[in-house]
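The listed protein sequences correspond, in order, to chains A and B. In this text, residue positions in the first sequence follow the numbering used here: the first is -7, and each later residue adds one. In this text, residue positions in the second sequence follow the numbering used here: the first is 37, and each later residue adds one.
Hints in this document: simulated from the structure, not taken from any laboratory. Mixed in with the good hints, there may be bad ones.
Straight-line distance between alpha carbons at most 25 Å, and here's what the computed DSS-like set of lysine-lysine pairs gives [to be verified]:
no. : chain 1 : residue 1 : chain 2 : residue 2
1   : A       : K153      : A       : K272
2   : A       : K477      : B       : K43
3   : A       : K36       : A       : K193
4   : A       : K351      : A       : K193
5   : B       : K74       : A       : K527
6   : A       : K58       : A       : K124
Have a look at the derived ranges for each label pair, beta carbon to beta carbon [stated by the list, open to error]:
no. : chain 1 : residue 1 : chain 2 : residue 2 : range
7   : A       : H445      : B       : N71       : 33 to 41 Å
8   : B       : M63       : A       : V463      : 49 to 57 Å
9   : A       : P485      : B       : F59       : 58 to 66 Å
Note that beta-carbon positions come from the ideal geometry of N, C-alpha and C, so glycine has one too.
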Amino acid sequence: MLQIACPSCGASLVFRAQSTTHAVCSACRSLVVRHDVDLESLGKVSDLQPDGSPIQLGTSGTFLGKHFEVIGRIQVAYDSGFWNEWYLQYTDGSNGWLGEAMGTYFVNQELDPAGPLARPEDLRVGSFVTLKNEFFVVCEVSTSTLSSYEGELPFVFPSEKTRFTTADLRTGGQLAATLDYSDPASPTVYLGYYVDFDELKLAGLRDFNPELENQQGVSTSVLRCPTCGAPHELKAGGVSQVLACEYCGTAIDLKDKSLKVLFQVQESEKITPLIPLGAKGKVDGHEWECLGFMRRSARVEGMDYPFTEYLLYNPYQGYRWLVESDGHWTLARPILMLPRNLGSGDPVTEPTDNTLSYKGNRFRHFQTAVARVRYVAGEFYWQVRLGDEVRMHDYVCPPHSLSCEESTGREQVWSEGRYLEPLEVARAFGLNSIRQPYKVGPSQPDPYTPLKHRAWMWWAGYLAASFILMVLTTMISANKVVFSKTGVATSDPTSLTVVSDEFEIPGRTSNVEVRTTAGVNNRWVDFHLALIDSKTNEALDFGTGVAFYSGRDSDGYWSEGSTSNAVTLPRVPAGRYYLLAEMESGTTASADMKPGEAPSRPDPAKNFSWSITVKRDVPSWIWFFIGLGLMLPVPLWYWLRESSFETQRWTESDHAPTSSSE
Amino acid sequence: MLMNVHKVLGIGLLGAMLAFNYFGLTMTQPDRVSNVPKTIRQNPGSYRSHYQTHYVHLGGK
């Protein structure tokens, strides 16, 4: 650190960084250059313009784990206002820059381009530039002017009137770059990352408390409407470009010292906003103030669909849009990270109706329409005009949305949105009543989707649990053969009737499976069976049958049916039983029968072998499958409701589902 | 509400499945006939099972 007296006023001047060559004296605003230990004054610099920046000299923060302190500032003026390049001194001795404008933050460092850079006149918005083997999209080429300096700096511009070209390059991630042509002979590349305000963990920020600001003499400015005389307190003074008086409809150019009237809203077109201008509300953990209100309409197939937008402002976070359409609310923020085309993975340069990828979500194209400004009231950070038109491309991934606004001759402005429940908006801004949503909002979350997922999860859980239980049941079931008999049926009728010896059916009251088998081909066999309790003489009458057909035709071998079949008897108590079996056999097939014809004519002419096996306590999987079926209606119901909801959503889009009659 | 019904139904069905397997309930309902002749074993023709229906008669190809 080098501490020297200012050559102009004698005040103490500090050089903290090795890399800095210039400093602005905070007392007399002289720009001083150092030559070793000698100082030279280069004259006074212009006053800094109020730009609403929350950062000041001495602000500290953290980026990628490195602590830094703000030691200098270059304020630059461009078409849309001012931006700042804050010079950072990291604790490891390195330096860098923090670009900041209207709530966007870009931490960057100078990069050796290792090759010639494109000339500024060759840069076209939407074209690609390769730096460090990365593809960057040229998103904005603008001309800027130096506004002023503050603190320590590693260089200064040749003069305060220097106009220079810069190009903003972006990617489908946080990585971005700026091409600086302030020295056309040797353009500079700054490479870095867009970051959120909260990520920087900034401390020592400017305090926007109005009372403090009054004491510091940097009060928010108050002006009177030149038409009706109503007083207006500018909340984002220095950044706002237009003020539209909510009382008389006069729109004033705040960048014009004479407060030129830009346009006048007709009294008949006046709209009272639901959220009053100046109202404050907490959304997403930050307090926002409503600065502006705008009514626009989107023209689709000759019909105008109005929607309302509230411009919210937080001096640290920047701007947000609270958009209301048909009672559905979306909180939108401008984004600098470009979405990617889902197929190619390339950053989007021209919005189409392709599906996009952004922050890991898939966004489907919803609608493209031309939106027109119908009414404005309050402060705006751009030169808004009644009748301004932009082409809007909307994409949805409920509850998120992406929107790209293209205006003729200007860059594309992307924003990401999140659906807000109306009650959330009402609570945030203390509204007593709020309009009920109409139809389904484009990014409204489908309430049936989580229910459907839960219902299917339960179904899957039931499937797993019941399968495990069935496996366990199968393992512990006795499944024991208690009787088995084989024989051969012949043309002798007595061979077709069998009475077994007594056998024991043990254990608790449970089921009994009787399996019958017959060695037949192109023949059926019916078994008429009775399981008789030898003690009580109570019979369980039941029957089963087998049929097996096979042959050869032009397609080759075919077969149908089975030579084995089983029937399970419920709740058979333990005891001694015997089995009565009568067999019938024939060749006539059901398909050959005529209506009213007897089922078959027994045809015992052919011999066949048979067997009967009785098993005790056999696991029954039928209950497993019945349970799965009974558990299906609820997830199916939610699936149908979800489908119906999605149909309603997409009916309002450019991709409306068509009915079968169309 | 419906989700709660779904949960209760699932738990109920699991219990029912276990119970049905334990007590040997099946989808088949045989005819129960009391006091069949005691002489069936000696004279098989003295009783015939009530089930005289023909079962799986396939048509072939």
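Against the structure, the hints:
1. For the suggested pair K153 (chain A) and K272 (chain A), the alpha carbons sit about 40 Å apart, so the restraint of at most 25 Å is broken.
2. The straight-line distance between the Cα atoms of K477 (chain A) and K43 (chain B) is roughly 47 Å, outside the 25 Å bound, and the hint therefore fails.
3. A threshold of 25 Å between alpha carbons decides the hint, and for K36 (chain A) with K193 (chain A) the separation of about 34 Å lies outside it, so the pair is violated.
4. A C-alpha spacing of about 22 Å is found between K351 (chain A) and K193 (chain A), which places the hinted pair at or below 25 Å, so the restraint holds.
5. For the proposed pair K74 (chain B) and K527 (chain A), the alpha carbon gap of about 10 Å is at most 25 Å, so the pair holds.
6. For the proposed pair K58 (chain A) and K124 (chain A), the alpha carbon gap of about 23 Å is at most 25 Å, so the pair holds.
7. Checking the proposed 33 to 41 Å range against H445 (chain A) and N71 (chain B) shows it is violated: the Cβ atoms sit about 59 Å from each other.
8. Evaluation of the 49 to 57 Å hint for M63 (chain B) and V463 (chain A) yields a failure: the beta carbon distance comes to about 21 Å.
9. Restraint check, P485 (chain A) to F59 (chain B): a C-beta distance of roughly 40 Å breaks the suggested window 58 to 66 Å.
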